[in-house]
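Participant: With the sequences and hints as input, model every part of the structure.
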Amino acid sequence: MKNLFLAALLMSLMFILAACSGSGSEEDTGSEEASTEESTEEENTEDESSEGGSSAEVTGNVNEDDEQIAGEGSSTVFPILNLLVEDFNADHGVAVELGGNGTGSGFSALIDGTAQFANASRGIEQEEIDALEDGGVEWTEFLVATDGLTVAVNPSNDFVEDLTFDELKMIYSGEAENWSDVREDFPEEPITAYGPDQSHGTHDFFNEEVMDEEGVQGQLIQDTNQVVSSVVADENAIGFFGYSFYQANEDSLKAVSITGPDSEEAVEPTFDNVMNFSYPLSRPLYVYASNAALEENETFHTFMEYTLQNSQSAAEEVGYVPLEDSALEEELAKLPNLEQ
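Here our numbering is used: the first residue of the sequence shown is 1, the next is one more, and so on.
Simulated from the structure, these hints should not be mistaken for lab results.
A few of these clues could be false.
Here are the in silico distance ranges between beta carbons for each label pair [unchecked claim]:
#	residue 1	residue 2	range
1	Pro190	Gly136	47 to 57 Å
2	Glu188	Ser313	46 to 56 Å
3	Gly136	Glu184	56 to 66 Å
Even glycine gets a Cβ: it sits at the ideal position worked out from N, Cα and C.
Facilitator: Structure follows, in C-alpha cells:
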C-alpha cells in the first residue's frame, strides 16, 4: 500500500509540473507576440514619419484673420501654381482662389485689386505698368520656371518635321492657305491654324517673337485645352501652346522642331533645349505680386515664400524647366522680411 501511495504521489507531481511548464510556455509566447507587435508598430510609425511631405520648409506663418488669397492669370503658369496651391492648402489649411483665364486677365485682376498675384507667361507690358501705377499698385516680379512654347501638328502629318519663323509667320498671317504654300514639297492640303486667343500671354509671346507684332490669324480659342483637342482632331491642323500642354498630350500630338531667326538648325522642344534656351521659343514664366499684400498679409507672404521654395519640384512635376539654385536664391531675396 505504501508503495502504491508513493507511486500515485509521484504521478501527481509530474502532472502538476507539466501543467506549470505548459502555462509558462503560453505566457512566454504571448509576451513574445506582444513584443513583436509593439516592435512592428514602432517600425510602422517610423516609416510613416519618414514619409512626410516633400515640401520645403518656410519661415512664415499663416493668420486666420488675413484676407483670403486670390490669384489670376496665365493658363500656361496655372499647372504649376495650381499644384502649389493644393499643397499649400494641405500643409497649412489655407485655401487659395486661383484662376487661369490668361495673362491679361491676371494683370487686370492685380490692377483692380481682386487678386494679390498675377501669373504671366510673358513680361509685363508698359500699358500694364502704367495702369498699375495709376491704381497705386506697387508690384514685384518673381520668376518661377521656364517654358518652351511648342508648335505641334496632328500625328498623321508625315511631312512637317520642322519650320522656320518665316514659315510660321506665313501660316499665322493667313498668307499660306495650303501646306504647299509653305514649301513646294508639302501636299496641296488646306491648313487650319489654331492658337490661344489674345487673353493669353502665350498668344502675346508668339505675336511678338514670331509675328513681329503684326497679329495672329487663325482659329483663336480662349481654352488652351480646346486648342490641343482641335489639333488632335484635324489632320491638317497646326497649333501652339505651352510645353506642359504638349507633354500631357504627346501621344496625340507631333511636336515641330523650330529654326530661329539667328540659326540655321532646327531645334526640338525638349527639357534640356528649353533649359539652355537653345530652343528659340523658350520663355520665362512669372508671378507678379502686390507689394502691399506681401507686406501686410502675413499668410500671403508665407504663400509666396512657399511658392518659390517649392517651384523647382512643382515645375518638374508638371513638365516645365525649374529654376537653377542660384536663380531661386535671387527670387527669394526679393521677398520683404516681415518681423512678426
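Participant: Output the indices of the hints that this structure fails to meet, ascending.
Facilitator: Hints that this structure does not satisfy do not exist here, as all of them hold.
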